[in-house]
Amino acid sequence: MKFDPDKLAENPFWFRECFLMTMPLGKRAINLRELLQNLREVDESVLYYHLLQSRLALTQPVVEYPNDFALWAATALQDIKLAEKLSSFDPFDYDNMEEVRGAMVDILEEYLWNLPSVPWARPGFEFHFCEASMVVIRSETPANTLKEFCQGLRKVGLDSVYYHFFEARRRLGMRHIDDFSFWIETNFGLPELVKGIRDIDIYFYTLKEVRDTLLGFGHQYLEELCGYPE
Amino acid sequence: MATLNDYTAIVGEEVIGQLHRLAERLGPRRLVHINSTRTGGGVAEILSQIVPLFQQLGLETQWEVIQGDLAFFEVTKAFHNALQGQDVRLHQSLLNHYQDVNRENARKFTWEADFIVIHDPQPAWLINEIRSRAQHWIWRCHIDVSKPNIRVWKYLREIVSQYDASIFSMSQFAQNLPHPQYLIRPSIDPLSEKNRDLTPKEIKKVLDRLQVEQDKPIVLQVSRFDSFKDPVGVIQAFRMVRKHVPCKLVLAGGEATDDPEGPRILEEVMEAAQGEPDIQVLLLPPDAHHEVNALQRAAEIIVQKSTREGFGLTVTEAMWKGKPVIGGAVGGIVVQLRDYNTGFLVNSPEGCAFRIRYLLHRPEMAKRMGKLAREFVRGQSLITRNIRDYLTLFSLQENPGSRVIEL
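Just so you know, the sequences run in chain order A and B. Heads up, the first sequence is in this note's numbering, so the first residue is 1 and it goes up one at a time. Heads up, the second sequence is in this note's numbering, so the first residue is 1 and it goes up one at a time.
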C-alpha cells in the first residue's frame, strides 16, 4: 500500500533525546530471601531499572540474561534454574509495574519454598539496587510528515529510540503503545503499520534492532527510501 | 589540546551534538574541581582531559589541587587503604593534621562556583570551611568503598553527608547517605598521548628505548606498584605459563606523587622476579603516557589482576587498543569484561595462567575479543560519555525532587 510521504501531520512529532543517570540506593541483597524482601518494598522505579533500563540504556556487552535479576541468579547465586525462570519473565506481559512486582514475588516465593536452604551470593557479588533519573531535551525541528519522521529516526541517537519506544509505555501508562505508533495512528491512521509496530516482540531486541525494524516498516509505506540498511 | 570536534571521527556527530545541546540547556555555569595531585594516578589524568572540554562547552571551569606535606599524604593514603578494607588506626592527631591542611588550603581559594566537585577523601574536609562558596557540593569517590574499614568510614561519612550529592564508579560502592548518589563510570580520552593511534615505528622506538625485546609474545600489566594490583600474583601466574609457552612478562609501574607505599611494593616485585630472564620490571615516571601506549599496543595480552579496584581504567585502555584483557574479578573490571566476549575474569594466579595460555594458543579468539572490547569502550567508556554524565547530573541537581526533567 502506497502512502503520500509528504502528507502533513496534524500534530508534528518532536523527537526527544534522553540522558539517564543510574542512581544506586546504597541498599543490597546478600541472598535470595533478602532479594525477595526488597522486591516487595522498593519503588517501582527500582524494578523498572533492573528489568529494562539497565539492559537497554546502558548497552552492556551482549549477555545471556535479559535482566539484572536473572544475571544475578546466574553469576552470584550460581543457580542456573532460577536464572532461566527469571530470564523468561517478560515485564511486558503485565499492565503495570505493580502487577510485575506481584508476578516476580510469586516466582521467588515459590522457588524459595521448594529449596532446602536459602542461596547466598558469592562474596563481592551482592545485588545492589538502583534506579534512574532522566534529563530530556526536545529537538528543535519537528517531523511534520512520515517521510521527515523516518529521516529523523535514522539520525537520532539510540537514547531517542529508548525514550520514545520503551519509556513512552510507562509515560503513557499503556504497555503496548509507544510514541511512534501513537503518533502515526493519531495523525495518519495506517492501521497495518501501527499494528506492525505494536506487534514487534521487543523482548530480545537491542535499541539498534528496534530502529532498524521500524525503518524497515517505514520503507514499505514510503516511495523514497529512508535509509533502511540493506 | 584536543577540541570537542576532534572527537567526532571517533564517536560520531550525534554524540558531540548532544553535549552541546545539554550544555546550552544547562546554561553558563561556574564549575570547580578539586583533587590532591596534578600528575600521576587516574584522577589527575581524567581532570586534565575533561577540564578543557568543559571550558569549550561554555562552563567556566577551574581545577584546583590541594597542597599537603608528607604527613598529610600519609594520612590520606591511610584513608585510601582503610576505605578499601584494610585495618588502619588513625589517631586523632593525624585527623587533626588532615583537617588543618584542608583549612590552610581553604584560605587560599577565592572563587565562587555553581558546582564544586571534590575528588576522593583528601580535600573532602573543605566543605566545613568554605561551604558558602558554591551552591552545589558534590563528592566524587573514585575508590572501591564496598567494604570500608568502619571506623574510618564513619569519620568520613560525617563529612560527606554534608554534601549535596555523591558520585561512585560502581553501584556496590554506594553507601547509606542522605543525598542523591549517582553512578558515573570513569572514562578514557582516545586522543590523549596514552590512547591515540601509534605507528609501528613509534612503538618500536619506545620498546628499543625501554630495552623491551619483541622476540616472544608480551604479556603486560600496567599499574601503580600497589598491593591491590597484585603484581606478585601476576609473576606467579607468568611462571606457570612460562613452563609451557615461550613468552615474556612486562610489569610497568608508575608512582603517583601521593603514594608513599610504592617503593616497598616495588622491592617485593623485584624479589619475586629474581632469576627469571623473561620478566622485565619497568619503573615509569607518572607522565609516561606515550610509553604506556606503546607497551599496550606491543603486547599480545594485557593483564590487570587486581584484588581490589576502583574502576580499572588500565583495563579500559587495553580494551581500546583492541587487546584481549585478563582482569581480576573485582570492582569495575567485572563491568567491563565478559568471558569470551570482551575479556576474561579471573580470581587467582592459576586462573590468570590458564587464560594466558588459552589466548596464546588461540590468537583468532584473542583478535575477536580485542575487537569487541574496543567497540564496547567506544560506546561506554570514552571521555564524551563522562562529560555527558556530569552535565546530566548538574541538570538534575538543579531540579531536585524530580526523576524526569525536561530542559
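These aren't lab readings, by the way, just hints derived from the structure by calculation. Worth double-checking, as some hints may not be accurate.
Unchecked claim - Per the computed footprint, the stretches of chain A lying under chain B, defined by three or more beta-carbons under 8 Å from a beta-carbon of chain B, are:
| id | region |
| --- | --- |
| 1 | 100-110 |
| 2 | 130-142 |
| 3 | 199-208 |
Unchecked claim - Capping the alpha-carbon separation at 30 Å, the derived lysine-lysine pairs in DSS-like fashion look like this:
| id | chain 1 | residue 1 | chain 2 | residue 2 |
| --- | --- | --- | --- | --- |
| 4 | A | Lys195 | A | Lys155 |
| 5 | B | Lys205 | B | Lys77 |
| 6 | A | Lys27 | B | Lys367 |
| 7 | A | Lys7 | A | Lys147 |
| 8 | B | Lys216 | B | Lys205 |
| 9 | A | Lys27 | B | Lys154 |
| 10 | A | Lys85 | A | Lys155 |
| 11 | B | Lys371 | A | Lys155 |
| 12 | B | Lys216 | B | Lys154 |
| 13 | A | Lys208 | B | Lys371 |
| 14 | A | Lys7 | A | Lys27 |
| 15 | B | Lys216 | B | Lys371 |
| 16 | A | Lys208 | B | Lys367 |
| 17 | A | Lys85 | A | Lys147 |
| 18 | B | Lys147 | A | Lys27 |
Here the structure is a predicted model, which is why all the values come from computation and not from measurement. In this text, a Cβ means the ideal position worked out from N, Cα and C, and glycines have one as well.
Would the hint linking Lys208 (chain A) and Lys367 (chain B) be met if the CA-CA limit is 30 Å? At roughly 24 Å apart (the allowed maximum being 30 Å), Lys367 (chain B) and Lys208 (chain A) satisfy the hint.
| task | Quickly compare the C-alpha distance for Lys216 (chain B) and Lys371 (chain B) to 30 Å and report which way the hint goes. | result | holds (22 Å)
- When you check the alpha-carbon spacing of Lys216 (chain B) and Lys205 (chain B), does it fall within 30 Å? holds (17 Å)
*asked:* Against the 30 Å threshold, does the CA-CA distance of Lys85 (chain A) and Lys155 (chain A) hold or violate the hint?
replied: Distance ~37 Å between Lys85 (chain A) and Lys155 (chain A) Cα, so the pair is violated.
Can you tell me if the region 199-208 of chain A counts as covered by chain B, using C-beta to C-beta distances under 8 Å and a minimum of three residues? violated (count 0)
Report task. With a cut-off of 30 Å on the C-alpha distance, tell me whether Lys147 (chain B) and Lys27 (chain A) pass. Result -> The given pair, whose Cα atoms are some 13 Å apart, holds under the 30 Å limit.
*Is Lys371 (chain B) within 30 Å of Lys155 (chain A), Cα to Cα?*
holds (25 Å)
Closer than 8 Å Cβ to Cβ for three or more residues is the test here. Does the region 130-142 of chain A pass it with chain B?
holds (count 9)
Q: For the pair supplied as a hint, Lys216 (chain B) and Lys154 (chain B), confirm whether the alpha-carbon distance does not exceed 30 Å.
A: violated (50 Å)
- Query: Is Lys205 (chain B) within 30 Å of Lys77 (chain B), Cα to Cα?
  - Reply: violated (36 Å)
* Agreement of Lys85 (chain A) and Lys147 (chain A) with the hint, judged by alpha carbon distance not exceeding 30 Å -> violated (42 Å)
Is the Cα-Cα distance between Lys27 (chain A) and Lys367 (chain B) 30 Å or less? violated (39 Å)
Going down the numbered hints, you'll see the structure goes against 1, 3, 5, 6, 10, 12, 14 and 17, while the others check out.
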